[in-house]
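Novice: For reference, the chains in residue letters:
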Amino acid sequence: MFVIPDRFSYTVAHSVEEAVELLHTLEDSKVLAGGQSLIPFMKLGYASPKSLVDINRIPNLDYLDDSGESLKIGALTRISRLCDSELVAKDYPLIHDAALQIADPLVRNLGTFGGNVCHADMGDDLPAVCLAMNAEMVASGPSGQRVLAAKDFFVDRFTTLLASDELLTEVRIPKNRRGCGGAYLKLERRVGDYAIVGVAAQLEVDGDGVCRSVGIGLTSASTKPIKASEAESWLVGKSLSDEVLDKASTLAMNTSNPLSDIRGPAEYKKAMVKVLTHRALKLAYKRARGGL
Amino acid sequence: MTEVPVIHGMGSAVKRKEDVRFIQGRDTYVDDISLPGMVYLDFVRSPYAHARIRSISTERAKGAPGVVAVITGKDLQPLGLDWIPTLSGDKMMVLPTEKVVFQMQEVVGVVAESRYAAADAVKLVEVDYEPLPVVTDPKKALEEGSPIVREDKRTNHVFHWEAGDREATDRLFEQADVVVGQDMYYQRIHVSYMEPCGCVAYYDSVKGTPTIWMTTQAPHVVRTVASLITKIPENKIRIISPDIGGGFGGKVYVYPGSIVAAVASIVTGRPVKWVNDRSDDHPSTAFARDFHMRAELAAKRDGTLLAFRVKAVSDHGAFFGDANPSKFPFGLFSICTGSYDLKAAFVEVDGAYTNKPQGGIAYRCSFRVTEAVYAIERLVDIMAHRLGIDPAELRLKNFIPPEKFPYRSVMGWVYDSGNYAGALRKAMEKIGYEELRREQEEKRKRGELMGIGISSFTEIVGAGPSHTFDILGIKMFGSAEIRIHPTGKVIARFGTRSQGQGHETTYAQIIAEELGIPIEDITVEEGDTDTAPYGLGTYASRSTPTAGAAAAVASRKIREKAKKIAAHLLEAREEDVVWERGRFYVKGAPAKYKTIQEVAFAAYTNHPPGMEAGLEAVHYYDPPNMTFPFGSYICVVDIDRGTGEAKVRRFVAVDDCGNIINPLIVDGQIHGGLTMGFGTAFMEEIGYDQDGNIYGANFMDYTIPTAVETPKWETDKTVTPSPHHPLGAKGVGESATVGSPAAFVNAVVDALWPLGVTHIDMPLYPWKIRRLLEEKGYALDK
Amino acid sequence: MKFEGSYQFPKSSSEVYSYISDLRRVSECIPDLKSLEIKSEDEALATVRAGIGFIRGDFNLRFNVTQRSPHTNLGYAVHGSGLGSGVDISITVQLEDLSTGGSTLSWVADTKVVGRVASMAQGMISSQAEKIIKQFFECLSQRLR
Amino acid sequence: MTALIYPADAKVRLELTVNGERRVGEAEPRMLLVHFIREVLGLTGTHVGCDTSNCGACTVVLNGRAVKSCTVFAVQANGGSLLTVEGLARKGRLHPIQEGFWEKHGLQCGYCTPGMMMAAYDLLQKSPNPTEEEIRRGISGNLCRCTGYVKIVEAIEYAAQKLRSDPSWRSGGD
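Chains as they are written, first to last, in the numbering used here: chain A, 1 to 292; chain B, 1 to 782; chain C, 1 to 145; chain D, 1 to 174.
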């Protein structure tokens, strides 16, 4: 059974407006960004959209801009750019950690931030990062632009809040401040695989090491990307002792509801949510305390 | 005197001749072949592991754009091609007519103008299945009342095989002070060559000649069997094995794709290409291992090992297709006494049919030696721990000593040569064994888990001597045909087929060594049945022991004749002519000489009266014995008590494959084999659920190691030549895959032994280790 | 994969039975139904577009009523294929009158999904199959209230 | 600019620069770039080893970046520039990466080799003096079943050294 996609009609969009228009008009259409998840799914016959709207030639969707209130990441920003960016490496270690662990360098050359987020697989890494960083998702649709909170964005596996004629154009990450630090830890069967479990942690601590704010996002810990909200609210206002981290990791574990599959049994994955949450928080704390 | 040219003979680490085309993309693999008018074959495959076929409707597919033929099992039946013989005397389905017996089995062949059109039409074939109960566990398959996979056999029992002396072994077990036993499962794995299987078949109806370019490790055997089945005269069938992207045993087999492609070419009159996708290849081609065993070892209190026994069940899938020599239904598993001087041993194996594709391939393993080495090396380690003797010390105490070679094992094998203690001591020294044990002691006190694992394996390769070895009755000789052209350039052809082993270089080096002709002047060809001498192909590390020997002997035959010509040219008596690599000279007058090139020219222009012209030789080499490469591997692992991950910190491999032809290539073979062993130990597994769904059907699910996980191998060698091989060489292609898995497992178990862990089945997934840590109260939550 | 569940209704078991033994009415609760053909009182052919998010494909399914024991038991069998996979579901339904009036419906569904999708996305299939079957019974129970 | 919609069965005319030459060919929208390269352009040095974007045997350099050509539609490459293994050598001179693989025995069966070299090409453009760890990560999207990677790493180290000492290779690579 040759692994070959079903036929589809193909269009290149040259602007966001044009893309939205096409998505709105064409029957059963799907956005083609980096294509690194979509094309394999089409080859395997999991997805057979009737038309593809290629957004790769839309100018000015590939950017990292921290000149304003937040770090703005254009939806077409390639993962490899996040890996290579000094700004990201220095100020947004959580994003940097995650980017470097997505698939492999060749996939990262094409894969995009927006695509990884919109694919919304439980095993994709950037949704957890967006959840941990309380990102805002900027979408354009026929009736204009709207801004969605990451915590509402991920509805189900492979399903986001975006309408079929909406295009994600930008992700906004709260600007890094003194006392912020983050880390992404991912347990994999082998490099580049989907996570057995991944934990994204973002912290802000004050001069005394007390947690001002925290975000924890989990990869492969449920049927969709999830936020460890209980652990988050428990941590705020506390000094991050080992005991506190233990309790937070247990809460994160209790939030998780992973599936058993070839990557491991559910009970192992649950235990790993705990182990990795502890380690990710610890590393994030170290980075937050180490200045930026 | 002229300069003797650099010829790159035995022992030269010369870079490979064949690489010139590979590094420039000028290679020719099967999928690179394109013939005028070529069409593509694709298959409808069964989602069910076991189901009766109620009906097949091909009408919609036949009417689809670009479709030129649709072929079902019913179409093959009148040709007698719906079933074909396997290499083990069983038969296998090509396309089913009654029922399917494993998931992703080929059901209907669809031939179309392009691969895209074929893929589209495949979706239009409608097959109505009636699901049948599935059996994927070989032990359950052998139980009463289990679903019967093969109705023609009326039982799932394939064979019962025994070797060794049951009574003597049982007696020693009764007398022993200490007996250790362990149930172990050597999981099912896929060889995962990078190039999936495929062929291009073209039947020339005018000449009546089928030509098939095919990913095969043994083209001559394919030709003979094809001729016997189809009654097409063997001289009209041409099998060409072009560049092969890795084989490792998986390409010894003939798969339904090739048969259907050949039939499709006859039906359509056009060349037909079939190439598996990876997601087709993993679930439908042959597998390795899948072997459940109970192994036991008996010893005296002082650590003297006495006897070994194994009772096992092996899974062969739906067809018994092992590429084994006919006398060995379970391969050479009886090498299982390994490197140790035991008093007795006994093994018994029952084979079972299950709803899986055929299994039992000799995956980089000389016919089940991998399972045998794993069994004994695990048990020796368990015994050492039980007795409180260091695993290295217990091995050194029980190795067959060098002075006992040639050594007849209790299983009847005669080991040619060996110095096992030499290899182990070298490995211990290189890795700093004593220091590591001290470090381990320290770490244990701190609650850290570190393990050291040893494997001291003995291989058995070079199948094989004609009195014992044949495949379907064909003796397992090695063949070489060498022709020297008038200008002293050489073409040499062999009955083997390289799949990356570097034959074009190593064979040239052997001939260079024997004839003094530089390797640049030697062209090596393999894989075309129209031109190559008959041979059994390349697998089970047999090329150097058999065809390599044939190259040496054929070269020596040429030298004999060349000497006569040289004597004629030098106007000397033959007995006064002395050979020195590359030239003949008159005894006592080295300045008076003729180079091999001058002699070659004379063979066509000025040969002695009465002598036949030309300078060439053919040799079919019948090895007097197998060769027995060996080695000692030591592995160090550190275990993360939180995640259960075991990280290989160091791995030292000391191999002994006798005399070395090309050290670069030997090193490469060892690195590759170690990496496969590493994959087996830590991440590779083809699993099935109770419904017969396969897990590990492609490279997304089936993980083979990347450069990131693969340890940085540290290799070294000892050299103990084979006394009976013309070059003293032994073969090395598989040693590392055979020897290394036990070292990895031994290392991990060594780390966990103080917690009361005696064994973990491969793959050593972190979750398995973590589960044990939890059971023993040793897991950390951070 | 076995899934199960139970519902209580104010209606009697015979009322419930007469509803759920009618293939036409039961079919209305098949989620994501694209087309339906009732072949006989015991057989229906349905095309369902099932999946998660954009991972979606057409499944051609044959529904059979395999067992009818009025007021107490009903059996359905579903057999079909889609997304390169085979689907076989056998459902048994048990009805019991309650002493307090009304009745209980207990169902057990034994689901087998085989083939490429099942092999490559085990967790996804089982959770989705469960979801679909539960949706089906949820819908039935709504209609029987 | 109004978007042009290519119907599913359209034969789209593609024009691109391949190994420095202008090439033209046709492809339906769903044709994968690797099939276009192998079957339309006739460049069979780029191989197919899997269908799930894992093995990297099909790696080529598209618009300056190494990508898996089995996971790109040919139509996406329209107007772009492509470098395949056949374009690595220049004027009969082997590229240092090719030289490294040959010198250090960085290949056995040769099937993964072109993809591996194209990944190395990308890596060395970004990182001319990589550590062993960087090399291993740089080729982590390329599977090899024969070599065990150690010699591939050495081959890339060799090439890096050679490229640093011979800047003529560093400009206008594709």
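Among the hints, erroneous ones may be present.
[Stated by the list, open to error] Okay, derived cross-link-like pairs now, DSBU-like style, lysine-lysine, Cα gap no bigger than 35 Å in a straight line:
| # | chain 1 | residue 1 | chain 2 | residue 2 |
| --- | --- | --- | --- | --- |
| 1 | D | LYS11 | B | LYS15 |
| 2 | C | LYS39 | A | LYS270 |
| 3 | A | LYS50 | D | LYS11 |
| 4 | A | LYS151 | C | LYS2 |
| 5 | B | LYS768 | C | LYS131 |
| 6 | A | LYS30 | B | LYS776 |
| 7 | A | LYS286 | B | LYS99 |
| 8 | B | LYS62 | B | LYS397 |
| 9 | A | LYS30 | C | LYS11 |
| 10 | A | LYS90 | D | LYS162 |
| 11 | B | LYS430 | D | LYS91 |
| 12 | A | LYS72 | D | LYS11 |
| 13 | C | LYS11 | B | LYS62 |
| 14 | A | LYS50 | C | LYS11 |
| 15 | C | LYS39 | B | LYS140 |
| 16 | A | LYS175 | B | LYS768 |
| 17 | A | LYS151 | C | LYS134 |
| 18 | A | LYS247 | B | LYS776 |
| 19 | A | LYS282 | B | LYS592 |
| 20 | B | LYS123 | A | LYS30 |
| 21 | D | LYS11 | A | LYS286 |
| 22 | A | LYS270 | C | LYS11 |
| 23 | C | LYS11 | A | LYS224 |
| 24 | A | LYS270 | B | LYS140 |
| 25 | C | LYS2 | B | LYS139 |
| 26 | B | LYS123 | A | LYS224 |
| 27 | A | LYS247 | C | LYS131 |
| 28 | C | LYS34 | D | LYS126 |
| 29 | C | LYS34 | B | LYS768 |
| 30 | B | LYS782 | A | LYS224 |
| 31 | B | LYS443 | A | LYS270 |
| 32 | A | LYS282 | D | LYS126 |
| 33 | B | LYS564 | B | LYS592 |
| 34 | B | LYS99 | B | LYS231 |
| 35 | C | LYS131 | A | LYS50 |
What the hints contain is simulated information worked out from the structure, not anything from laboratory work.
Novice: State the violated hints by number, sorted upward, taking the hints as numbered earlier in the document.
Specialist: Failing hints, ascending: 1, 2, 6, 7, 8, 9, 11, 12, 13, 14, 15, 16, 19, 21, 22, 23, 28 and 29.
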